[in-house]
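Generate coordinates for the entire structure from the input sequences, incorporating the hints supplied.
If you're matching them up, the sequences are chains A and B in order. Just so you know, we're using my numbering here: the first sequence kicks off at 2 and counts up by one. Just so you know, we're using my numbering here: the second sequence kicks off at 11 and counts up by one.
Keep in mind that the hints were calculated from the coordinates and are not lab data. If you're wondering where the values come from, they're calculated on a predicted model, not measured in any experiment. Don't take each hint at face value.
Dumping the calculated EDC-like pairs for lysine to aspartate or glutamate here, alpha-carbon to alpha-carbon at most 20 Å [stated by the list, open to error]: (1) A:Lys172 to B:Glu120; (2) B:Lys75 to B:Glu118; (3) B:Lys24 to A:Glu175; (4) A:Lys501 to A:Glu12; (5) B:Lys185 to B:Asp90; (6) B:Lys185 to A:Asp457; (7) B:Lys185 to A:Asp463; (8) B:Lys185 to B:Glu88; (9) A:Lys261 to B:Glu19.
Sample of chain B residues lacking proximity to chain A, with all beta carbon distances greater than 12 Å (derived) [said to hold, decoys possible]: (10) Gly56; (11) Ala71; (12) Thr189.
Glycine included, every Cβ here is placed at the ideal spot set by N, Cα and C.
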Amino acid sequence: MTTQLFRTCPESGLQFHRPAEWLMRANAVVAVVILLIGGLTAVGVTLTRWPAIHLLPADQYYQLLTLHGINMLIFWIIFFEMAVLYFCSSTLLRCRLATPRLGWVAFGLMVAGAVMNNLVVLRGDSSVMMTSYVPMPANPLFYLGLILFAVGALIGCFIFLGTLVVAKEEKTYEGSIPLVTFGALTACIIAVFTIASGAIILIPTFLWSVGWIAHIDAAMYRLVWWAFGHSSQQINVAAHVAVWYAIAAIVFGAKPLSEKVSRTAFFLYIAFLQIASAHHLLVDPGLSSEWKIFNTSYAMYLAVLASMVHGLTVPGSIEVAQRAKGLTKGLYQWLRKAPWGNPTFSGMFISLIGFGFIGGISGVVMGTEQINLIIHNTIYVPGHFHATVVLGTTLAFMSLTYYLIPVLFRRQLAFPALAKWQPYLFGFGMGVFTLMLLAAGTLGVERRHWDMAFTDSALGFDYPASAYTLMGIAGISGMAAIVGGAVFILVTVVSVFFGKRVGSESSYGTVTSRLMRAQPDIVPSGGHAAAGRWGFAAPGTFLFALFFLAIFVIYYAVNWKYLASVWPLS
Amino acid sequence: MSSIQPPSEILWWKQPLDRVEGTWIAIALVWSLIMFVMMPLWHVYGKQNLSNEAYRTTPEAFQAKTMAMVNEYTVRTETDQQIPVVRPPPGSDVYLIARLWQWWPMLELEKDQTYRLHIASMDWQHGFSLQPVNINTQILPGYEIVLTVTPDTSGEQTIICNEYCGIGHHNMVGKIYVTEGGS
Ligand code: HEM
Ligand SMILES: [Cu+2]
Ligand SMILES: [Cu+2]
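Printed below as a string of structure tokens:
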């Protein structure tokens with residue numbers, strides 16, 4: 002491969018293939034630009050839902066909410082995931098990227114699709130929300146934009162898979178692919194399934210919008226749309242869990258407690274994802290309870306189990322790595338002595354806690370067949386998914402970005418003091434915001450609703466005063482999170498475009514070195530467990546996991562109790 | 011560094027589990043199974059279950075049934091739009107139309123009596139959200155959902171639409187009045 006250009010980063014030892022590097026940069030930069038658009042729309046939406054301010058008129062609120070949902074959930078996350086896929090294949094495996102030209106085609110399609118979709122929504126005739134439930138019509142270009150974007154993303158997935166094949170054939174690594182690449186592979190497989198479902202529903206909907214198909218059944222639309230909409234969340238989970246493992250490895254040199262468990266847990270995501278989409282349809286007509294229970298629980302709880310496993314093994318692997326360095330005092334010295342001033346670590350850890358405690362627990366509770374009756378379509382739902390995709394995925398991606406700025410972009414981090422605080426501001430703002438939405442949803446406040454006071458309606462309804470207070474605090478904390486997001490954008494944009502270059506040289510050459518197996522553990526006498534307690538290698542993490550479980554059990558029970566107080570139904 | 015490198019052991023899948031992992035997996039699995047059996051158990055012992063009774067329908071057919079009920083059981087009208095308030099007999103089939111941007115008609119039910127409440131949309135998707143009691147279901151065009159419901163609190167309940175249905179979505183409000191039994 003004499004024509005290939007590689008450089009090795011002296012600080013990290015990572016090896017970059019030049020075409021892959023530029024693709025990662027382009028995808029990450031566009032992702033951040035979209036995050037900026039999403040953040041601006043978040044300002045309008047958040048200030049409108051803050052009852053004391055109620056900023057925008059109804060039509061603009063619905064329009065901005067459509068833009069916010071699509072840009073954040075689909076465009077920001079998937080552009081960044083493309084960069085993650087290229088990183089986890091070409092960079093981690095020290096191999097050339099398969100078909101970089103096609104990578105630019107994919108990128109171009111995604112940009113074109115995203116721009117088209119945004120422009121159509123901005124025109125004002127497609128405020129249909131990201132779900133675009135039929136038969137509410139949108140402009141045909143709305144669907145076409147999404148389809149173009151999806152085709153681009155699908156090409157990106159195949160480039161990732163192709164790169165794995167190249168690495169294997171050119172023997173750029175020893176043994177099996179690293180765990181983080183395995184996680185990315187999980188995300189990629191799920192993405193292929195997801196995009197296929199998206200095509201199955203969006204292409205007919207596009208044809209319907211131009212008049213070639215007369216009718217699309219609303220229930221069928223929801224079933225297939227959620228096979229796409231839910232699975233895409235599983236991509237995010239797989240991707241951000243892979244990022245957690247990567248950051249644990251980068252910051253601490255952490256190694257999975259056991260490869261087998263972590264990989265099996267990723268595999269569970271693939272095995273059970275297709276049927277988990279049912280938890281969006283728990284109160285839909287036309288589906289039986291058996292179908293709902295089987296699909297949400299059999300499927301979902303094993304995927305939940307997988308997340309609970311990662312929730313233990315990620316911090317557990319950090320604990321073991323720290324204990325091996327001698328931080329063995331008490332149960333939590335390893336955690337106290339962690340680099341809390343390093344945004345790559347603090348962001349990742351807040352992401353883990355927020356995703357597990359807030360996003361995970363609320364998701365399982367509202368995905369319970371009967372409990373969904375008291376939660377469906379209330380603002381509880383945005384409360385749940387801001388904990389998963391914002392605290393979980395977005396914050397994990399932000400943390401990784403801090404690491405990538407010197408390594409991938411070869412720039413020093415601008416405003417390091419601001420960057421140090423950013424994960425805390427964003428994390429705690431979002432944490433409070435999500436808790437407030439969960440609480441307000443429990444009081445019946447609706448999502449996607451312009452006016453909780455019903456001032457223009459002939460028949461009003463008064464929510465309790467506490468609901469207004471909760472939505473007010475949500476407004477304040479949401480704005481705090483938005484400031485946190487703005488700091489992130491400021492730091493990254495200034496670093497990447499105006500930042501000082503990193504001092505050391507990292508020039509391109511043709512030599513590439515092979516990726517070696519990890520060093521076998523230097524196991525202290527008596528095994529890992531000797532550095533821990535009770536025969537556990539990670540006793541602090543274990544205790545923390547039990548604490549998590551206790552909260553989970555209590556909150557789950559409270560919701561059944563609440564359900565028991567509503568009108569009997571059968 | 012290790013999670014970003016190939017596993018150190020060639021036969022990594024033969025490596026034994028750490029005790030902390032094994033214990034946690036066992037606990038988490040038990041908890042998952044408990045959550046799983048709670049749902050069927052609630053179908054047997056709990057009182058809040060959807061029967062999932064639903065039929066295909068058309069706007070014309072559903073409207074005809076609703077009109078028949080309104081013509082027979084209207085007791086008064088409310089608001090300047092003259093929305094009928096219907097008081098159907100306990101145990102009967104009750105019809106509620108969801109359409110842009112109205113729940114029609116209003117209902118007056120008796121406490122602790124059971125009704126079969128049929129709901130269908132005439133146009134787009136809507137969300138039936140009864141507040142403050144807090145019961146939420148999805149309403150679709152082409153489908154008639156049947157909730158067998160027993161109001162056990164008296165007073166005024168408000169139906170709010172909680173599926174976004176266009177610019178009038180937030181004004182789509184209806185009422186169910188629950189009167190003390192025997193009145
Ligand atoms: C900085 C922080 C953010 C704030 C304060 C914020 C705030 C909000 C608010 C107030 C809503 C409207 C809820 C409603 O009225 O129904 C909303 C909706 C939503 N947000 Fe965010 N958001 C933020 C960031 C994000 C990010 C990063 C993502 C995704 C990665 C995201 C995804 C969504 C989605 C999917 C919706 C639902 C749109 C719909 O109902 O169609 N948000 N957000
Ligand atoms: Cu509606
Ligand atoms: Cu509505």
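Going down the list of hints, with the structure as the test:
1. A:Lys172 to B:Glu120: Violated: A:Lys172 and B:Glu120 sit about 76 Å apart, past 20 Å.
2. B:Lys75 to B:Glu118: 18 Å, holds
3. B:Lys24 to A:Glu175: 18 Å, holds
4. A:Lys501 to A:Glu12: This hinted pair holds, its Cα atoms lying about 16 Å apart.
5. B:Lys185 to B:Asp90: Holds, at about 15 Å.
6. B:Lys185 to A:Asp457: 16 Å, holds
7. B:Lys185 to A:Asp463: 13 Å, holds
8. B:Lys185 to B:Glu88: 10 Å, holds
9. A:Lys261 to B:Glu19: Given that 20 Å is the threshold and the Cα spacing comes to 11 Å, the pair holds.
10. Gly56: 7 Å, violated
11. Ala71: 15 Å, holds
12. Thr189: 15 Å, holds
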